[in-house]
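Got chain A sorted already, so can you dock chain B onto it with the hints?
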Amino acid sequence: MSEDLNQKISQFLDNEIDPVDALSLLKKMRSQPELQDTLNRYEMISHAMKADAFLLTKADFSTKIQQQIQQEPVYLLPQQRKRFKPSHKQMAVAASFVIVAVIVGRGINEPDQPFKAASVLQVAQQPHPEKSVNPAEVPQNQLNNRINDYLQAHNSSIYTNGEADFQSFAGVATYSQK
Amino acid sequence: MMNVKCFFVAGFLLTGSVSANESVLNARQVLAKMNHAMEVLNYQGTVAFLKNGKLEPMKYVHAAEKGVQQEHLLSLNSPLREIIRDADQVSCLFKETQQTLVDHRPFEHSFLVDMPKNLDDMESIYQFDIVGEENIALRPSYIVAIQPKDNVRYRRKIWIEKQQFLPLKVVVYDNSDVLLEQVVFTDIEVKQSLPFVDAKFLNTVYPAQPIQQTQTQSSDQAAFVLTQMPIGFREIFFARKPMHNPEQPVDHLLLSDGFTSVSIYMENKMASIQPGLQSVGAINSYSRTINNFQLTVMGEVPAETVKFIAEGIKLRD
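From first to last, the protein sequence lines are chains A and B. With numbering that gives the first Met the number 0, the residue at position 125 of the first sequence is 124, and numbering never jumps. With numbering that gives the first Met the number 0, the residue at position 34 of the second sequence is 33, and numbering never jumps.
Hints in this document: simulated from the structure, not taken from any laboratory. Here the structure is a predicted model, which means the values were calculated and not measured. Glycine is no exception: its CB is placed at the ideal position from the N, C-alpha and C atoms. Check each hint, because a few of them may be wrong.
[As the list claims (entries may be wrong)] Quick list of the computed label-pair ranges, beta carbon to beta carbon:
hint, chain 1, residue 1, chain 2, residue 2, range
1, B, 134, A, 46, 45 to 51 Å
2, B, 132, A, 45, 55 to 61 Å
3, B, 133, A, 67, 47 to 53 Å
4, A, 64, B, 133, 44 to 50 Å
5, B, 128, A, 63, 55 to 61 Å
6, B, 139, A, 45, 56 to 62 Å
7, A, 40, B, 133, 55 to 61 Å
8, B, 75, A, 46, 55 to 61 Å
9, A, 67, B, 178, 45 to 51 Å
10, A, 67, B, 149, 57 to 63 Å
11, B, 161, A, 46, 57 to 63 Å
12, A, 64, B, 134, 49 to 55 Å
[Said to hold, decoys possible] Examples of chain B residues lying across from chain A (beta carbon under 7 Å, computed):
hint, residue
13, 55
14, 91
15, 104
16, 107
17, 110
18, 243
19, 262
20, 264
21, 272
Same shape as in the complex, but just chain A (with noise of 0.2 Å):
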């Protein structure tokens, strides 16, 4: 291997030679493997002496990687299709839109009842048989503060933790799933 050989491979490693010569030499190094060896010990001098740190690879060490790499078997099992799972957003956006349905749907079949936050609840509810008096028509605060005088006689945890916040048994049975 001549002088002006190692030469290239050393200003090719430093990037200080010309593109017509840089492939001229990956040409020969193509057919001549002596000449790989002395790129890769050439890279391994100047890793060493940037990085402070010398670690130590036989010559064809990237070959076998390579090589190893070629010989992995191709999986061509069918991959499992990913099931649909909506995000947060996702269910956000829906659930914003079935609200929007319920309120205009009601809108236009009472078109003169004025909409209350009740009455979205009791939509979430299953309809109960027994139910004659419409809790849409009792403001929520006031089912609040009863479920809460309710609560405070039950037990003293309202005085730790204040005023309970209810929620339908829905909701928070979807909370808990998550």
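Then chain B, alone, in the frame of chain A:
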């Protein structure tokens, strides 16, 4: 080499003797000691109440002298509150609204954990086990699991400090092992004595508003009867009293199995409540109407349990 062998033998014997001493106490004995310690010791610290998804840290003081006890709590975060429990009376001063409430609660004894006095009756419905040891507030503690033998009530764990047997942490889990409520000391110290606070001073600061001044009445006066009740529950307290306004009496029957309590409320249907299930933290409620009455069953039990009890309630003939 001989020295090393002696070291291992000594270590083995020491471990064995410690295990033997600890095995003397079973879960029920530890719980009984906890009951006693909670009554007679003077202790104070910081307690975090985690309920309904909210964390409430509070200064906690328990004073005891000659069989008389007092719990005194100060909230650290808004809304600022000062709470005093003297026997069956709870006084609460809401500092920001300048409102004082005086509440009578003959069926409760502690903000930390209410335990039945006699655990012998509980064997048929709960299993008690020491399931491990952990440090809570830097104090070595037993972990006592209170496992129901059915699915109609929740599982609890109590971390009980090994020297003084005070409860340092109480956790309630649902039937899927999701944590519902937690009460935990972040620091605690036991004192020879601690001062009692005169609850009357709250009344002198702001006029007190009594909530319930009722005596326990016979449940025979209730407008309803129970036809089905989960095993282990029994009637603890009944009162007919106004809750929302003076003109509207409400029947309140409290059931308990010792650890778990369920309240049944019945009042005129004018006080309409959304029918069906509702939930907050560990507490579920189920409401329905029966003729002209509104019924609500509420308790720290699974939703199926309140529904089961509510569906078995009929109007008294």
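Hints versus structure:
no. : hint                     : result
1   : 134/B x 46/A: 45 to 51 Å : holds, 50 Å
2   : 132/B x 45/A: 55 to 61 Å : holds, 59 Å
3   : 133/B x 67/A: 47 to 53 Å : holds, 49 Å
4   : 64/A x 133/B: 44 to 50 Å : holds, 49 Å
5   : 128/B x 63/A: 55 to 61 Å : holds, 58 Å
6   : 139/B x 45/A: 56 to 62 Å : holds, 59 Å
7   : 40/A x 133/B: 55 to 61 Å : holds, 59 Å
8   : 75/B x 46/A: 55 to 61 Å  : holds, 58 Å
9   : 67/A x 178/B: 45 to 51 Å : holds, 49 Å
10  : 67/A x 149/B: 57 to 63 Å : holds, 59 Å
11  : 161/B x 46/A: 57 to 63 Å : holds, 59 Å
12  : 64/A x 134/B: 49 to 55 Å : holds, 50 Å
13  : 55                       : holds, 6 Å
14  : 91                       : holds, 5 Å
15  : 104                      : holds, 6 Å
16  : 107                      : holds, 6 Å
17  : 110                      : holds, 6 Å
18  : 243                      : holds, 6 Å
19  : 262                      : holds, 4 Å
20  : 264                      : holds, 5 Å
21  : 272                      : holds, 6 Å
The structure meets every hint from the earlier list without exception.
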